[in-house]
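J.: Single-letter residue listing:
2 protein chains.
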Amino acid sequence: MSISFDVQRTAEGGGRRAALTLPHGVVETPVFMPVGTAASVKAVEQGVLEKIGPENRGAQIILANTYHLYLRPGHELIARAGGVHRFMSWERPMLTDSGGFQVFSLSSLRKVTQDGVEFRSHLDGSKHFFSPEHSMDVQIALGADIAMVFDECVEHPATYERTRDSMGLTHAWAQRSKDHFELHKHRVPWHEALGGATQSLFGIVQGGMYVDLRKESADRLVEMDFPGYAIGGLAVGEPREVTREMIARTLEWLPKDKPRYVMGVGYPDEIEEYAKMGVDMMDCVLPTRAGRHGLVFARDADGVVVRMNIKRKEYAEDPGPIDASCGCMVCARYSRAYLRHLFVSGEPLGLTLNSVHNLHFYLATMERVRADIAGTARSHSTL
Amino acid sequence: MSISFDVQRTAEGGGRRAALTLPHGVVETPVFMPVGTAASVKAVEQGVLEKIGPENRGAQIILANTYHLYLRPGHELIARAGGVHRFMSWERPMLTDSGGFQVFSLSSLRKVTQDGVEFRSHLDGSKHFFSPEHSMDVQIALGADIAMVFDECVEHPATYERTRDSMGLTHAWAQRSKDHFELHKHRVPWHEALGGATQSLFGIVQGGMYVDLRKESADRLVEMDFPGYAIGGLAVGEPREVTREMIARTLEWLPKDKPRYVMGVGYPDEIEEYAKMGVDMMDCVLPTRAGRHGLVFARDADGVVVRMNIKRKEYAEDPGPIDASCGCMVCARYSRAYLRHLFVSGEPLGLTLNSVHNLHFYLATMERVRADIAGTARSHSTL
Numbered sequence: 001m002s003i004s005f006d007v008q009r010t011a012e013g014g015g016r017r018a019a020l021t022l023p024h025g026v027v028e029t030p031v032f033m034p035v036g037t038a039a040s041v042k043a044v045e046q047g048v049l050e051k052i053g054p055e056n057r058g059a060q061i062i063l064a065n066t067y068h069l070y071l072r073p074g075h076e077l078i079a080r081a082g083g084v085h086r087f088m089s090w091e092r093p094m095l096t097d098s099g100g101f102q103v104f105s106l107s108s109l110r111k112v113t114q115d116g117v118e119f120r121s122h123l124d125g126s127k128h129f130f131s132p133e134h135s136m137d138v139q140i141a142l143g144a145d146i147a148m149v150f151d152e153c154v155e156h157p158a159t160y161e162r163t164r165d166s167m168g169l170t171h172a173w174a175q176r177s178k179d180h181f182e183l184h185k186h187r188v189p190w191h192e193a194l195g196g197a198t199q200s201l202f203g204i205v206q207g208g209m210y211v212d213l214r215k216e217s218a219d220r221l222v223e224m225d226f227p228g229y230a231i232g233g234l235a236v237g238e239p240r241e242v243t244r245e246m247i248a249r250t251l252e253w254l255p256k257d258k259p260r261y262v263m264g265v266g267y268p269d270e271i272e273e274y275a276k277m278g279v280d281m282m283d284c285v286l287p288t289r290a291g292r293h294g295l296v297f298a299r300d301a302d303g304v305v306v307r308m309n310i311k312r313k314e315y316a317e318d319p320g321p322i323d324a325s326c327g328c329m330v331c332a333r334y335s336r337a338y339l340r341h342l343f344v345s346g347e348p349l350g351l352t353l354n355s356v357h358n359l360h361f362y363l364a365t366m367e368r369v370r371a372d373i374a375g376t377a378r379s380h381s382t383l
Numbered sequence: 001m002s003i004s005f006d007v008q009r010t011a012e013g014g015g016r017r018a019a020l021t022l023p024h025g026v027v028e029t030p031v032f033m034p035v036g037t038a039a040s041v042k043a044v045e046q047g048v049l050e051k052i053g054p055e056n057r058g059a060q061i062i063l064a065n066t067y068h069l070y071l072r073p074g075h076e077l078i079a080r081a082g083g084v085h086r087f088m089s090w091e092r093p094m095l096t097d098s099g100g101f102q103v104f105s106l107s108s109l110r111k112v113t114q115d116g117v118e119f120r121s122h123l124d125g126s127k128h129f130f131s132p133e134h135s136m137d138v139q140i141a142l143g144a145d146i147a148m149v150f151d152e153c154v155e156h157p158a159t160y161e162r163t164r165d166s167m168g169l170t171h172a173w174a175q176r177s178k179d180h181f182e183l184h185k186h187r188v189p190w191h192e193a194l195g196g197a198t199q200s201l202f203g204i205v206q207g208g209m210y211v212d213l214r215k216e217s218a219d220r221l222v223e224m225d226f227p228g229y230a231i232g233g234l235a236v237g238e239p240r241e242v243t244r245e246m247i248a249r250t251l252e253w254l255p256k257d258k259p260r261y262v263m264g265v266g267y268p269d270e271i272e273e274y275a276k277m278g279v280d281m282m283d284c285v286l287p288t289r290a291g292r293h294g295l296v297f298a299r300d301a302d303g304v305v306v307r308m309n310i311k312r313k314e315y316a317e318d319p320g321p322i323d324a325s326c327g328c329m330v331c332a333r334y335s336r337a338y339l340r341h342l343f344v345s346g347e348p349l350g351l352t353l354n355s356v357h358n359l360h361f362y363l364a365t366m367e368r369v370r371a372d373i374a375g376t377a378r379s380h381s382t383l
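Chains as they are written, first to last, in full-length UniProt numbering: chain A, 1 to 383; chain B, 1 to 383.
I should point out that these hints are in silico values taken from the structure, not numbers from a laboratory.
Keep in mind that a hint or two might mislead.
If several chains are the same, the list does not tell them apart, and a pair holds so long as it fits within one copy or across any two.
[Claimed, not checked] Each computed DSS-like pair below joins lysine-lysine, with the alpha-carbon atoms no more than 25 Å apart:
#, residue 1, residue 2
1, K51, K256
2, K276, K111
3, K42, K311
4, K127, K313
5, K111, K178
6, K276, K178
7, K215, K256
8, K313, K111
9, K276, K256
It should be emphasised that the depicted structure is a prediction, and the values quoted were computed from it without experimental measurement.
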């Protein structure tokens, strides 16, 4: 089976609990997906990733990044290795983004035409061309369970006209992505090994911060009939209430029987909020990136998220864990004092431990939301 | 019990198998001790360190560094935390060096007198004074199972006169270290918790590359009656056959019923060679430092050690593990191609995986030597 989405329960606020079945396994949603940009969730070993989160169940699905893997080590190399699952030894579900976001955010020079984007690599300045068709070829070669259409992510702020034009390009590219994907999806490295299963291609709703454009984009993509939809172009600098409104409105126009994914969010309280509104999937580099900068998350006695800067002097002799209610391997074993010492001393173990704690925190947050929706609400403990 | 050393079997070549009992556990010798300079074996989590090596038995004993921990986070802070074991959450045996080596190798300015050494911190240029008494106070506060006398490590090459004078200073400092240690050893943070046990202080034989000075140094230290002896001042740039000769000769003059420790060696074939000559303990940063530079160890079909530079292009599509005969978690799961990709991409996971493999390789090498000595020789597999 390539994909199925079984909604088991929908709560009053719109949040729903579902099972997303993919070629490499079943994902319980709503789900937070750790980001493994270059086929590694930074500083966290796959065996650890399989065990973090409540009851050591581990991350259910992770992301890898098409732009980065295309440049290094190259999608064809990964295809020859059997696909990104085998290449990095991760046998659970995966998703690749389309590469579009990094083409825009990281490339030193780029020229956008109707056909695609010419850009220079951020690594060595070499010239490359990404079209919807090329993004599909790269993603099929990588072989994640879910691929994303190639889109242009408009900057913020952007005028109505600029946003509308960009959206139009994105719709044309979505159709071209789909057409090319359908023709070539059987080339995924594990096609035969997994009984003829293929990847699933998700559409991406754009439209910036304009409600009417968001509606037009959602309608247009639903017409194209994708097995899942992302809400893109958010968390690009707009106020949080705008993000929230765009998500809330767009959710109304997307089919209820398909997974809905908000890309690139967010803080722990945001992922909880959006999941309760009915978002099924989210990803963000924040837990690992924050961890590498010494920022770790905890909850106070009322369950409110607290951000701790572990390098602060006040933790130098603190024998307690990051979060006494946390069930992660870091909180079970290491003190704030030791974590501060590692960070201040530049010890690589500090990056790992902070990242593991933060990822656990995110996974535990989503576990609690899932339990809430399923009607077996638990306390605010981070499990 | 503070220390006991029970030699169970001595092989023809001089290698012996023994049990070294320390306050935090029993160490089977000959043993290789991973180095955790700043209370972290770089890039390797303690839970992983407890499981690497043959049959997941893990590292038996690790080292921490007095100079580094004195400067950051400070020995008094660690004493208040309950000692370095508790501070870093490592409940197995540990050893601290005396700080002398780094005072000489890392400090930007230093003035050696009979009394001790004044130096400037390599971190912030602040001025500090290390004497034998101060080194003992710091090491007692840290609370490793084994402490080392404060010594001067002479540079190589050094004239006979310079080496003799330095050795004389080292002997005076050894006596002062011992006197101060005996007066204050009850202050170790776990003294009462472990039934009145104390650390053990090892002497360090110096004498550079001069056999008669080595003999004088060994005799003088044996007179002082330490519970164990290190052979110091080697692996400082001299040819390997000189190292070997200095070790072989010095071993003859040291008591057979006490542990003998060669500091700061070496490559896998060296640790094997010295263990078979009768060295009981060795430590080296090489497995982790090499790992962080992409150098990993393997054995060819004849059991000969091979050094692989994992970043080489020839491994880009190599689906095999570093060493097909290796039983470590890295070789069980990850390909050379993936390890190369991680290293070339600057992914922190690469440092971790290379270090874990190399540490396993060292521990497996010593496990094989122990089995050989015990008369149950195994193949050249790295286990």
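J.: Next, verify each hint and record whether it holds.
T.: Against the structure, the hints:
For the identical chains of this complex, K51 and K256 are neighbours neither inside a copy (31 Å) nor across copies (47 Å), given an alpha-carbon limit of 25 Å. When the C-alpha separation of K276 and K111 is checked against a cutoff of 25 Å, the pair qualifies neither within a copy, at 40 Å, nor between copies, at 66 Å. For the identical chains of this complex, K42 and K311 are neighbours both inside a copy (20 Å) and across copies (19 Å), given an alpha-carbon limit of 25 Å. Taking CA atoms no more than 25 Å apart as the test, K127 paired with K313 passes between copies only; the shortest distance there is 22 Å, against 47 Å inside one copy.
For the identical chains of this complex, K111 and K178 are intra-copy neighbours only, at 23 Å inside a copy versus 73 Å across copies, given an alpha-carbon limit of 25 Å. When the C-alpha separation of K276 and K178 is checked against a cutoff of 25 Å, the pair qualifies neither within a copy, at 30 Å, nor between copies, at 66 Å. In the homo-oligomer, the alpha carbons of K215 and K256 lie at most 25 Å apart inside one protomer (15 Å), although the nearest pairing across protomers, at 84 Å, exceeds that limit. Taking the shortest alpha-carbon separations for K313 and K111, neither the intra-copy value of 48 Å nor the inter-copy value of 32 Å comes in at or below 25 Å.
In the homo-oligomer, the alpha carbons of K276 and K256 lie at most 25 Å apart inside one protomer (14 Å), although the nearest pairing across protomers, at 71 Å, exceeds that limit.
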